[in-house]
Amino acid sequence: MSSKKLNLTLKVWRQAGPDAKGEFKTYYAKNISTDASFLEMLDIVNEELEAKGEEPIVYEHDCREGICGTCGMVINGRPHGPLQGITTCQLHMRHFKDGDVIYIEPFRAKAFPVIKDLVVDRSAFDKIIQAGGFISVNTGSAPEANSIPVKRENAELAMDAAACIGCGACVAACPNASAMLFVSAKVSQFALLPQGLPEREIRVQKMVAKMDELGFGNCSNIGACEAECPKEIKITNIARLNREFYRARFLSNVED
Amino acid sequence: MALESKIPSGPIQEKWTNHKFNLKLVSPANKRKFEIIVVGTGLAGASAAASLAELGYNVTVLTFHDSPRRAHSIAAQGGINAAKNYPNDGDSIYRLFYDTLKGGDYRAREANVYRLAEVSNNIIDQCVAQGVPFAREYGGLLDNRSFGGAQLSRTFYARGQTGQQLLLGAYSALSRQVGLGKIKLYTRREMLGLVVIDGMARGVVARNLITGELERYSGHAVVLATGGYSRVFYLSTNAMNCNATAIWRAHKKGAFFGNPCFTQIHPTCLPLHHDQQSKLTLMSESLRNDGRVWVPKQKGDKRPPNQIPESERDYYLERIYPAYGNLTPRDIASRAAKRMCDEGYGVGETGQAVYLDFSDAIQRLGRKVIEERYGNLFQMYEMITGDNPYEVPMKIYPAPHYTMGGLWVDYNLMSTIPGLYVIGEANFSDHGANRLGASALMQGLADGYFILPYTIGDYLASQKFIPVKTDHEEFVKEENAQRDLIKRLKSINGKRTVDDIHRELGRIMWNYVGMSRNAEGLQKAIQMIREIREEFWRNVKIPGNDMDLNQTLERAGRLADFLELGELMAIDALHRNESCGGHFREEYQTEDGEAKRDDENYAYVAAWEFKDVGDWVLHKEPLVFEYVKPSTRSYK
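Taken in sequence, the protein lines are chains Z and A. As numbered in the numbering used here, the first sequence has no gaps in its residue numbers, which increase by one up to the final residue, 264. As numbered in the numbering used here, the second sequence has no gaps in its residue numbers, which increase by one up to the final residue, 618.
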């Protein structure tokens, strides 16, 4: 692919701190290669700001390969930008045109408060996992790996769900700021595997209770989460979560 | 100070078992009286923290990420080795040990490597029990594939996301202990200084990356699991925030640095394709199971790959190394690619790339099978390059990927500072001069799940600890030192950006301390690194406030450390007058350009003691080979 150069106008959300008032500020990204990634474009803008002694735009990123889940911003109204099935760091500038105006904002959700500029606090996801997103097995107590056969189809479905990178785009995309896709991915992974069955009922109840407690909204089957998920986690997982939850409520001995 | 490797005596098969019996134990009731600080939450850190908490220790975990799940282990793609021998192709613990030792070009300890192979099977059991969705056969049992440097299939995998799945397993175990209150988790904290009291590691000073405040954490032992230092090259496959700061600051407090020049340049990465690039992307080595590497037979052939007929292609790995073909180990495959490009056979706009071609495999197995095996990798490739690898061969080139070197540790994984343990990529231990594919995940989890939890108990049980609180004068001193350093960085107020200087350091490292090195270049590099280091301290510019989320300041602190570490890497590479594994000295090669090892003079671990910036003292730990006689490594 031959590369071209782009000149772009950026409208970027700047917010000094959690309680500060934020606003869009205008920046110009000049001479950007179409081969550059979206984040490399931001790096160039930031380096120019730094050279001038101005504070660069603060945003999070790490692996730049679409797997760590650190990056995430709303680009022209869509979490992770205009393409399906990718993270912000995988977005490349060849998908933009010379002269484009690009709006860049943080993920917005009550449970993800803004820390600074485009950085939000997603520790609520960790808290949900800490509440029950695991199989309780101490190191050293595992049986021989092949003593637990797993139906291949289930292993594949579990892997589809386990592909979640915990970026939070599902929450940012949802008008209710619901975390159902995230929670359902973890609940599904373990519900589909024999190893997950001993804690099947207690897990789903604890995770859902924690999710509600942390201020995430309810699911009203809009489907924006699935559309924006960079790992294309399917909404059928939410259906499974609902089944698992009702099943647990009927079957479980756990007190509320 | 003499280096004591503490390798147990006895036959290699019994060393670890006997050693475990001889280690002192901490009784269950006493474990809760000990506080252990773990820095880093990758495979090694998360697995160690979880396992220690399960045993009953109180664990404090620090990570600079917003969540423990972000650590760079997550990006490992291809798989994890174990000697299960499920495919019935003749694998055994001894063979995994042998392959790993040979793959490392006989520059690792036999006893460590044997232990690694020995616990490899337990790791798979543990991960399966945690719900890691490994690939399976239709009968429901686990599937394996092959990796470089092995003639059998021993690699377990979860699509192209094995690192992610293993890390999420360890992360879930860690999260469980956070929920149970046995682990206190502090995210967005970067360790800046190690606190040593009466010669023992007793705590750390970390910066709260949100508020900028310096915080003190005290404990009875400190475990560093902070990864490797490939970002010294600026462009590497490492995540943008990977850094050497924790291990470097510990090094400056007395922990020796082992084999700093042993760095791995991975053969299958995306070539540099524009001048604004921030990092390089790895394409899993597993691709070499089905992809064939080639260049045109004609120098400077500019035809599109599909128009170059079969007879005019040079499948050079298959030609030169028929026994292993496209699955030769990484160091050898990388150098072969460089040689081809240096001789003018390279492809693409820059001539700094070779083809990795799947057309044969697609013809043989069908597109669907290839999609199942590598779908996400192909998608990743297309996303970055705009080319579709189902139709056009991938273009690849070697890139810095992993560092075998790291802080020196003994058999117990303890550094030269008592009470300071170093695990995973951060230590120097098991991979010698070259790491085989799918062995990093194995080592990280071996250290964290199955080795450190035993060895650290011996230390805790055998020391007399004076009570130490965070108001101890050494904590105050360390915090002040770190505050002064930050003030000093902020006060430079020069003209150049942090990244600008980092890129310059990276170019020096890549050109002179990269895939191929020589004495003259290394001497030049040492000089140039000193100059750029001075330039940094005179002319860097860091906007913003230090009592705030300030990413430029974070990067500046890390670069300051890379600027010192880079020099030590060059010094180490210059002193090692041989070629071995990833360390290739042009003066020491065979007639056909292969690495020429010097076992008579260099069969040792180079452990460097820090005296001052630019001033190190070399200590040698001889490597003794009782079981595998070092031979010329041949993959032909």
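Some clues are possibly wrong.
No farther apart than 27 Å at their CA atoms in a straight line, the calculated lysine-lysine pairs in the DSS-like style are these [stated by the list, open to error]:
1. K135/Z <-> K284/A
2. K472/A <-> K33/Z
3. K506/A <-> K279/A
4. K13/Z <-> K29/Z
5. K446/A <-> K6/A
6. K350/A <-> K242/Z
7. K469/A <-> K593/A
8. K19/Z <-> K159/Z
9. K60/Z <-> K66/A
10. K214/Z <-> K118/Z
11. K159/Z <-> K593/A
12. K477/A <-> K60/Z
13. K234/A <-> K6/A
14. K602/A <-> K(-3)/A
15. K38/Z <-> K164/A
16. K166/A <-> K593/A
17. K19/Z <-> K451/A
18. K523/A <-> K33/Z
19. K60/Z <-> K451/A
20. K135/Z <-> K164/A
21. K164/A <-> K446/A
22. K135/Z <-> K118/Z
23. K451/A <-> K6/A
24. K38/Z <-> K477/A
25. K13/A <-> K234/A
26. K164/A <-> K214/Z
27. K13/A <-> K(-12)/A
28. K523/A <-> K12/Z
29. K472/A <-> K60/Z
30. K477/A <-> K33/Z
31. K618/A <-> K602/A
32. K459/A <-> K13/Z
33. K235/A <-> K477/A
34. K523/A <-> K472/A
35. K166/A <-> K118/Z
36. K214/Z <-> K166/A
37. K159/Z <-> K350/A
Below, a sample of chain A positions facing chain Z; criterion: calculated Cβ distance under 7 Å [to be verified]:
38. E36
39. R51
40. G122
Since the hints were made in silico from the structure, they are not lab data. Please read all numbers here as calculations on a predicted model, not as lab measurements. All C-beta atoms, glycine included, are put in the ideal place defined by N, C-alpha and C.
The hints, checked one at a time:
1. For a cut-off of 27 Å, the pair hint linking K135/Z to K284/A is broken: about 55 Å separates their Cα positions.
2. Distance hint between K472/A and K33/Z is fulfilled; the C-alpha atoms sit about 26 Å from each other, no more than 27 Å.
3. Straight-line distance between C-alpha atoms of K506/A and K279/A comes to about 35 Å, which puts the hinted pair past the 27 Å bound.
4. Restraint check: the Cα-Cα separation between K13/Z and K29/Z comes to about 35 Å, which exceeds 27 Å; the hinted pair is violated.
5. Taken as a hint, the K446/A and K6/A pair is honoured in the structure, with Cα atoms around 14 Å apart against an allowance of 27 Å.
6. This hinted pair checks out: K350/A and K242/Z have alpha carbons roughly 21 Å apart, not beyond 27 Å.
7. For the proposed pair K469/A and K593/A, the alpha carbon gap of about 24 Å is at most 27 Å, so the pair holds.
8. For the hint linking K19/Z to K159/Z, the alpha-carbon distance of about 50 Å lies beyond 27 Å, and the restraint is violated.
9. Proximity of K60/Z to K66/A is assessed by CA-CA distance (about 58 Å); at most 27 Å being required, the pair is judged violated.
10. With a CA separation close to 21 Å, the supplied pair K214/Z and K118/Z stays within the 27 Å bound.
11. As the CA atoms of K159/Z and K593/A are separated by approximately 59 Å, the hinted pair breaks the 27 Å bound.
12. Pair hint K477/A plus K60/Z holds up; C-alpha atoms about 9 Å apart against a cutoff of 27 Å.
13. Proposed proximity of K234/A and K6/A is contradicted: the alpha carbons are some 30 Å apart, above 27 Å.
14. Taking the CA atoms of K602/A and K(-3)/A, the gap is near 23 Å; set against the 27 Å cutoff, the hint holds.
15. This hinted pair does not check out: K38/Z and K164/A have alpha carbons roughly 51 Å apart, beyond 27 Å.
16. Restraint check for K166/A and K593/A: the C-alpha separation of about 35 Å exceeds 27 Å, so the hint is violated.
17. As the CA atoms of K19/Z and K451/A are separated by approximately 49 Å, the hinted pair breaks the 27 Å bound.
18. Restraint check for K523/A and K33/Z: the C-alpha separation of about 23 Å stays at or below 27 Å, so the hint holds.
19. For a cut-off of 27 Å, the pair hint linking K60/Z to K451/A is broken: about 44 Å separates their Cα positions.
20. About 15 Å separates the Cα atoms of K135/Z and K164/A, which keeps this hinted pair within 27 Å; it holds.
21. Proximity of K164/A to K446/A is assessed by CA-CA distance (about 24 Å); at most 27 Å being required, the pair is judged to hold.
22. For the hint pairing K135/Z with K118/Z, the CA-to-CA distance comes to about 15 Å; that is within 27 Å, so the pair holds.
23. Note on K451/A and K6/A: the hinted pairing holds, with a Cα-Cα distance of about 26 Å set against a maximum of 27 Å.
24. Our distance criterion of 27 Å between C-alpha atoms is met by K38/Z and K477/A, whose separation comes to about 21 Å.
25. Distance check on the hinted pair: K13/A and K234/A sit about 31 Å apart at the alpha-carbon level, beyond 27 Å; violated.
26. The straight-line distance between the Cα atoms of K164/A and K214/Z is roughly 19 Å, inside the 27 Å bound, and the hint therefore holds.
27. About 24 Å separates the Cα atoms of K13/A and K(-12)/A, which keeps this hinted pair within 27 Å; it holds.
28. A threshold of 27 Å between alpha carbons decides the hint, and for K523/A with K12/Z the separation of about 31 Å lies outside it, so the pair is violated.
29. Between K472/A and K60/Z the alpha-carbon distance is near 15 Å, which keeps this suggested pair within the 27 Å criterion.
30. Taking the CA atoms of K477/A and K33/Z, the gap is about 25 Å. The hint holds against a cut of 27 Å.
31. Pair hint K618/A plus K602/A does not hold up; C-alpha atoms about 32 Å apart against a cutoff of 27 Å.
32. At roughly 51 Å between alpha-carbon atoms, K459/A and K13/Z are farther apart than 27 Å, so this suggested pair is violated.
33. A C-alpha spacing of about 31 Å is found between K235/A and K477/A, which places the hinted pair above 27 Å, so the restraint is violated.
34. For the hint pairing K523/A with K472/A, the CA-to-CA distance comes to about 8 Å; that is within 27 Å, so the pair holds.
35. Distance restraint check for K166/A and K118/Z: the Cα-Cα separation of roughly 25 Å lies within the 27 Å cut-off, and the hinted pair is therefore satisfied.
36. Proposed proximity of K214/Z and K166/A is supported: the alpha carbons are some 20 Å apart, at most 27 Å.
37. Of the supplied pair hints, the one linking K159/Z and K350/A holds, its CA atoms being roughly 20 Å apart against a limit of 27 Å.
38. The interface hint given for E36/A is met, as the beta carbon of that residue sits about 5 Å from the closest beta carbon of chain Z, less than 7 Å.
39. Satisfaction of the interface hint for R51/A is found here, the shortest Cβ-Cβ separation to chain Z being roughly 6 Å, below the 7 Å cut-off.
40. Proximity of G122/A to chain Z holds as hinted, the smallest CB-CB distance being about 3 Å (cut-off 7 Å).
In the structure shown, a violation is registered for the earlier hints numbered 1, 3, 4, 8, 9, 11, 13, 15, 16, 17, 19, 25, 28, 31, 32, 33, in ascending order.
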